[in-house]
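Chain by chain, the residues run as shown.
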Amino acid sequence: MEEPKSSAPSSRSEPGHGGQGDGAGGAIILFFILGLAASLLVGWVAFPALLYSEKRQPVDFNHALHNEIVDHGCASCHFFRADGSFSGAPKLAQCIECHREANSDDPEEIRFVEEYVKPGREVPWLVYARQPDCVFFSHAAHVRLGGIDCAVCHGPMGESTSLRPYQENRITGYSRDIWGWNIAGIKRNSWDRMKMDDCAECHAQARVPGGSVQTQKDGCFVCHK
Amino acid sequence: MKIDRRSFLAFVLGGAAGTALSPLPWKLTDDISIWTQNWPWTPVPPKGETTYVDSTCTLCPGGCGIRVRRVEDRVVKIEGRNDHPVSRGGICPLGAAGVQLLYSPWRVRQPLKKMDGRFVPVSWEQAIGEIAGVLRELREAGTPEAVAWIADTDRGTTAELCRRFLTVYGSPNFIRTPCAQDAWETALFLTQGQRATAGFDLERATFLLSLGSGLLEGWGTPPFVFRARGALKDNNGRFVQADARLSKTAAKADQWLPILPGSEGTLAFGLIHVLLKEGRERKPFVAAHTAGLEELKRQALQEAFSPEAVAQATGLEAKAVVELARAFAAAERPLAVCGRGAGRVPGGLQETLAVHFLNALVGSVNVEGGVIAVPEPEYIRWPEPEMDAVASKGMQTPRVDGAGSERYPHARYLLNRLPEALLQGDRPAVRVLFVSGGNPFYSLAGGERTEKALARIPLIVSFSPFLDETAAAAHYILPAPTHLERWEDVPGAAGYPKPVVGLARPVVPPRFATMPTADVVLRLARRLGGPIRAAFPWESHEACLRQTLGPAWETLRRKGFAVEEGFKPQPFETASRKFEFANADLKRLAAFRPLPAPGDPGAFKLTLVPFDTLRLTAALGAPPFLVKALESEILLKNDIRVEIHPQTARDLGLVDGADARITTPQGSARVRVYLTEGIRPGLVGMARGLGRGAHDRYLAGKGVSANRLLAAVEDPSSGLEAGWGIRARLERA
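Residue numbers (our numbering), protein chains in the order written: chain A, -7 to 217; chain U, 12 to 744.
Looking at chain A on its own, in the form it has when it is part of the complex (with noise of 0.2 Å):
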């Protein structure tokens, strides 16, 4: 007695569907299709616009100006340690080295000898390519033993002439540099990207020593201490 009861909203609702076929799947397709267009929209545009805020660095600095002056190239001012470990960005005392005063008209060198060299104040650089502080990295390893050049890593930073805005991911607070520009995270040059796998696909090649025995693969101690 039940089963005929049951099969009848199905068996009355098949010709209504089919009645009312052709407009009501253009709506359905449309608005699939403006689903996809706003969702798209949201993820390849809103989201990374919001995802990083944009920050100047504190003084424009002109990596070229510089680079054509000094006799040691990027070495000349982010030098190696005495023990080896990297100086990274210069600290002011490598800066009054030269300008003490300011030695030209440039407004961007005499505002930066009046904030910060007259009053002895450290320049707050905002580092590009700071790995989050899970990760160890030695440049010694990578520059002195693997004779990697700055630029594998770095780009063209000493050809250029002003600083690109620094952009912070608002939820890592780590530079933008690390996942790369591209949002989709596809990379024309080694430089474009600093994520892990971008590691790992050097170290691979280059058969890097203290991988796990037991995996045959790269070590997660290797930079995760």
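Honestly, the hints are just simulated from the structure, not real lab data. One thing to keep in mind: the hints can contain errors.
[What the hints assert, rightly or not] Derived coverage of chain A by chain U (criterion: at least 3 residues anywhere in the stretch with Cβ under 8 Å from a Cβ of chain U; other residues may be distant): (1) 22 to 28; (2) 34 to 42; (3) 74 to 87; (4) 123 to 130; (5) 166 to 179.
Since this is a predicted model, take the numbers as computed values, not measurements. From the three backbone atoms N, C-alpha and C, an ideal C-beta is built for every residue, glycine too.
Take the given structure of chain A and dock chain U to it, following the hints.
Only chain U this time, still in chain A's reference frame:
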């Protein structure tokens, strides 16, 4: 076209498909994972240049070499210094946690003066000026001896400057805080005629008998003792621990003798009894280098020290006593040590003498692997100060603590006797008390009575860098820089068998408006003028240090320490030029008698025994790293736990973790119970170092202080503090 549920679903589906095709979910997942792996609130050392500075740790008398890692100007880690003779790369938990003392929130940032019960900041000028004013008045009244100074060491330029200040001012009352070395120093003086500290060549001993010493719980210089334990193992040596509870040291020993607390001296005499009775003493050494053996025989061969009697007193079996004596005598280089727990309580002199006699009988005195008399450093050679009549008269008065008196002629400092002395008379004998270390308001036994006695002093000046109990009770706090911010010469390392001098240096500039205690002394002297000023010709402590050390300054500054590698123990300096088991001075001492725990055994059925752990400090409050690492057997949330045997618990109707109230003749406190078979039935074990009334929020208000429940026990032979426990009652709360 009709917009219905289907179109909405289509929109959502399209949205889902579009989102999946956009970088949003993947990027968001990645960012969230990075965020969770690098919580922004987790403190991370600043980036910057890393440098290392070698210095000497002054947090305990160990004097270990430390290597301080700094990033830019911030200290981020303290490690052991590999090339240091004492610590050789080792470091104890307190030394490693020293960074937290430097950056502690409970540091005193400028001089403070107590007004209407509250501290208010004052300038250094004002504070020193006002204190100098009080000192001037006391001198004018002809009572300079009413000034006393408590320091945690009597060595090095800072301590010597303080003592010199008191001397030219006219007070003999410079008091060093008590420790097991007090008894050892007196024992060495009485038997060997040497003014020296006891060094223990633990690394080369092959049989180590510890009578209650917490060798792995802070006794001596921890990194040195830890290494020695390893060396003993490598030498196939044997390590026997006599201890009332299964301490960490007992657990790591080859054999644990669960003796009754307070019976260590009896056991030592029992072992001497067996050695002498069986003729197992090292005859060549005893014949050539000792005197008075007959007298020792008379003393030790009494029936009270027969194996049976000793078994009765110690709770061991007679056979075990005999076997231990035989094994000890048969070992190549046997060594017996004493000083309960971390050695912060001196213990009875006769007990220490018994242990020293035991070493002498087996030839382990001033030889490889034995007890070695390490002479006191002699680099401080200042001219005798000129003293005026007031000072000379003041210096003739007897010491307030009774040290050096007819009753206790050999004692040098008896801080434990100070509270009782203060309670005598209408006016306390001490009118001004300076405290540079030792935190007596916390570390002295005696509970409220001691506190009341100390509080009678009208002017207390604390030099503590931290707001500890004594600083909190003081009228002025003149904060000294911490051990990482000042110069300090550090002579000797507790228990290390060679003379060594270390140099502590400022690793970072002082964080606050602090002043080294020695500089305060120099300023006070300048204010007081006359002969007092003339006795201090130095501009600053650093200048004094430079001048005092002379040519050694440069070496110390460069290397950080100086050790006498080829040190040979000096010959005995007694009248007989031998090690004396008996002489007139020894004869005058009150005879050996095991000291009972104070309290009526009828009313208090149990005995409370305090114990030390490496994770809790005594005078100095333990930094948060140590408190966080405290095991739940000691501290459960904010409650201290007391160890009792399951059998005791059954008798009292207590279960593990139960709330209980412990009562001693001194006071009462709420505790929680920890059941363990590692303690004898009838005993209650309690860790020392908790129950702090001041300090930071990581330490203050946790548990109770064993010192408040304990009573002061005066050793009749020396006047030293000799308490090892107290009768107690434990009830369900």
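Hints and how they fare:
no., hint, result
1, 22 to 28, "holds (count 7)"
2, 34 to 42, "holds (count 5)"
3, 74 to 87, "holds (count 4)"
4, 123 to 130, "holds (count 3)"
5, 166 to 179, "holds (count 5)"
When the structure is compared with the earlier hints, no violation turns up for any of them.
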